[in-house]
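Asker: Residue strings, one per chain:
2 protein chains.
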Amino acid sequence: MKQSLLFVPTLKDAPKDAEVKSHKLMSRAGIIKQTAAGIYSYLPLGWRVLDKIETIVRQEHDKRDCSEMLMPAVQPRDLWEESGRWGEYGPELFRLKDRKDRDFCLGPTHEEVITQVVRDYINTYKKLPLALYQIQTKFRDELRPRFALMRGREFIMKDLYTFHTDDEDLDVWYDKIKEAYTTIFKRVGLETKIVSSDTGQIGGKEADEFMVMSEVGEDIIAYCDTCQYGSNQEFSKLEAGDTCPKCSSGKIKLAKGIEVGNIFKLGTKYSTSMHALYTDQKGQQKPVVMGCYGLGVSRTLMAAVEQHSTDNGILWPEEITPFRIHILPLDPKDAQINDLSYEIYERLSKNNEVLIDDRDERAGVKFKDADLIGVPYRIVIGKRMEPGYVELINRYTNEKNVIRHSDIEQYL
Amino acid sequence: MKQSLLFVPTLKDAPKDAEVKSHKLMSRAGIIKQTAAGIYSYLPLGWRVLDKIETIVRQEHDKRDCSEMLMPAVQPRDLWEESGRWGEYGPELFRLKDRKDRDFCLGPTHEEVITQVVRDYINTYKKLPLALYQIQTKFRDELRPRFALMRGREFIMKDLYTFHTDDEDLDVWYDKIKEAYTTIFKRVGLETKIVSSDTGQIGGKEADEFMVMSEVGEDIIAYCDTCQYGSNQEFSKLEAGDTCPKCSSGKIKLAKGIEVGNIFKLGTKYSTSMHALYTDQKGQQKPVVMGCYGLGVSRTLMAAVEQHSTDNGILWPEEITPFRIHILPLDPKDAQINDLSYEIYERLSKNNEVLIDDRDERAGVKFKDADLIGVPYRIVIGKRMEPGYVELINRYTNEKNVIRHSDIEQYL
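These protein sequence lines map, in sequence, to chains A and B. Start counting at 1 in the first sequence, then tack on 1336, and there's your number in the numbering used here. Start counting at 1 in the second sequence, then tack on 1336, and there's your number in the numbering used here.
No lab work stands behind these hints, which were simulated from the structure alone. A few of these clues could be false.
Stated by the list, open to error - Within a straight-line C-alpha distance of at most 30 angstroms, the following computed DSS-like cross-link-like pairs (lysine-lysine) qualify:
{"id": "1", "chain 1": "A", "residue 1": "Lys-1704", "chain 2": "A", "residue 2": "Lys-1357"}
{"id": "2", "chain 1": "B", "residue 1": "Lys-1433", "chain 2": "A", "residue 2": "Lys-1436"}
{"id": "3", "chain 1": "A", "residue 1": "Lys-1436", "chain 2": "B", "residue 2": "Lys-1360"}
Given the sequences, and given the hints that come with them, work out the whole structure.
Answerer: As structure tokens, then:
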């Protein structure tokens, strides 16, 4: 892809409201752009990373017998009355009326819709278990939208819902999805901790959160270096006034985390209120047992930038980088340099995602933007090198080699 | 994929409000499910087809130097005041207030947002042209939602916006995208006619629509078999009271069309009102010239079903079929049949998308559902055949062959 056509509006200065590193960098590197408080566009670079994250999420879910579908954003009040959440949910729920004055909301989650979708179908134990997910835009009218994609009002989530005959089957699937999440976060380049949590407005009996440890996280997590507590994915989220009964040493430490995933054993909360019943092997009617599993796709993008960057720029993890190779022709008006650059570009593009900085800009501008954008492998072509030679930089290791251009593939 | 895990809730009867064939079939085949009037979920089969359509749309846009991004659904009133459309747009615009009583709408199109996104960047002729698109959920509060995905209130669209220094450059890109659309619709299996149209609420000076000829279309198109009029992609959309000056024979005929795409030369309507200005080579400031190009992704799904089906079921075009091969083991309790079915399933899945009907259902049910679902190549395995033999059906040609299972690949 030619950089001039990609639309990467890099900026010298971050917007004034950008408090944290990732927010600053995502604005400066042309990854996102704000439209309103907590509401952002994903520009082409950001979209490419989102697409990579979504692909990984899909692969790990499909592999585990989950089926993808897509539910609507606009949800009718009736369904939320059935579950009882129309009255329960606070001002975070965006509410609206249609032209006939009927009430709707913009979905922050989809328990109601999915239960309505499946309840006629799953009337017998023969049709269970079932696991359905979507990757979709969600809405939450946050009181204080903050840190760009961290606490936004419109965001992208993967939400999975599972349906079971009993708690034992739910337990098996819960563990399977927990493991899928660990794999997903590892693949996108994030180190996560699992924290058991309360079930909040979603309801249910057991829940875990996936946390990326970060200074800018909004959740506080307790752990202890002395006793076992917190050492082995057994962190607890700390609420105001909590004590920590599990910590025997008393030497509790606190850390901050960004919540990138949460999974819930819902039990029969929604199936009871919304009459999602199945007939078991003995002919008895029972409410279906449910689980739900959220993963913040846009928040994962933000957490990845927060973890994989310095103040001067990003360095994307291998599996989610928007491009693998960035070619910087330093003297594009020199015909020889230009020809060589495009020859390499065409050649590498066959097996790689390659970005070429074809802009008529000074070397300094190109280097600064390239640092900001964060593509891991960089090829610099300029008049200072011998003809036919290029500089290849591996930004993960900072290794630099001036090599013949025909040797590039060997080094990559 | 195993059919038992995919979630394909087929139905004997279509919902009462389903008036047209595609609506009936999409409901009966478990492709969509209604949540509210004009608001649908795409179930796994429907989602797979959507995904195929989106992939084709992406390929044909990326190939033509367009960059993908993603803009928000919730848009602030300020932007719509800038363009003047907040007051102009009728009750089709879903409007809502946030918790601080600020006005927003749910985007039916994104001219305002994209202009805000790019206007600071494209301040010089050096950064033009630029072409940005998204595939995204749109909202329109239709007075009478109808025909499921044809006139829905929440729907999926691809919208592309292009930016130019002058009309000549817009013309070049307009023709290029027109050609892309023709290619896209051909690939998804739809025959379309191009109709010049008025520019409506979007604004601008020239526009074309892509129409799929269909009895259930809502637009009326005039053509004539005697004179040239209407014979060569020169159809006109007829409004009430129109005459047809271009038809010399006077033997006008009328047909109905489903609008699946529309493209507009916007000119400077939005760039003038929203101050998207660039400096030309002489140092003069000018408004950027814009084009916009919509393609109804969910409506294309519906039009494909309408064109490629009988009352008993669908037959998906090759490039958008949710699966290529459907395996029907007729006696799954017979170990030999079962083993052979799964052996073939595993083998073919390596290079094909394969669905296996693993449900404990009678042969009649499996055949009826398979006809409904519409996978083009079917493999039937049952006790009536010699051991090791299967029946292979090509549903495009209706050719049926009983062959050794090891010969399947040769026939496909």
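Asker: For each hint, tell me whether it holds in the structure or not.
Answerer: Do the hints match the structure? See the list:
no.	hint	result
1	Lys-1704(A) <-> Lys-1357(A)	17 angstroms, holds
2	Lys-1433(B) <-> Lys-1436(A)	17 angstroms, holds
3	Lys-1436(A) <-> Lys-1360(B)	26 angstroms, holds
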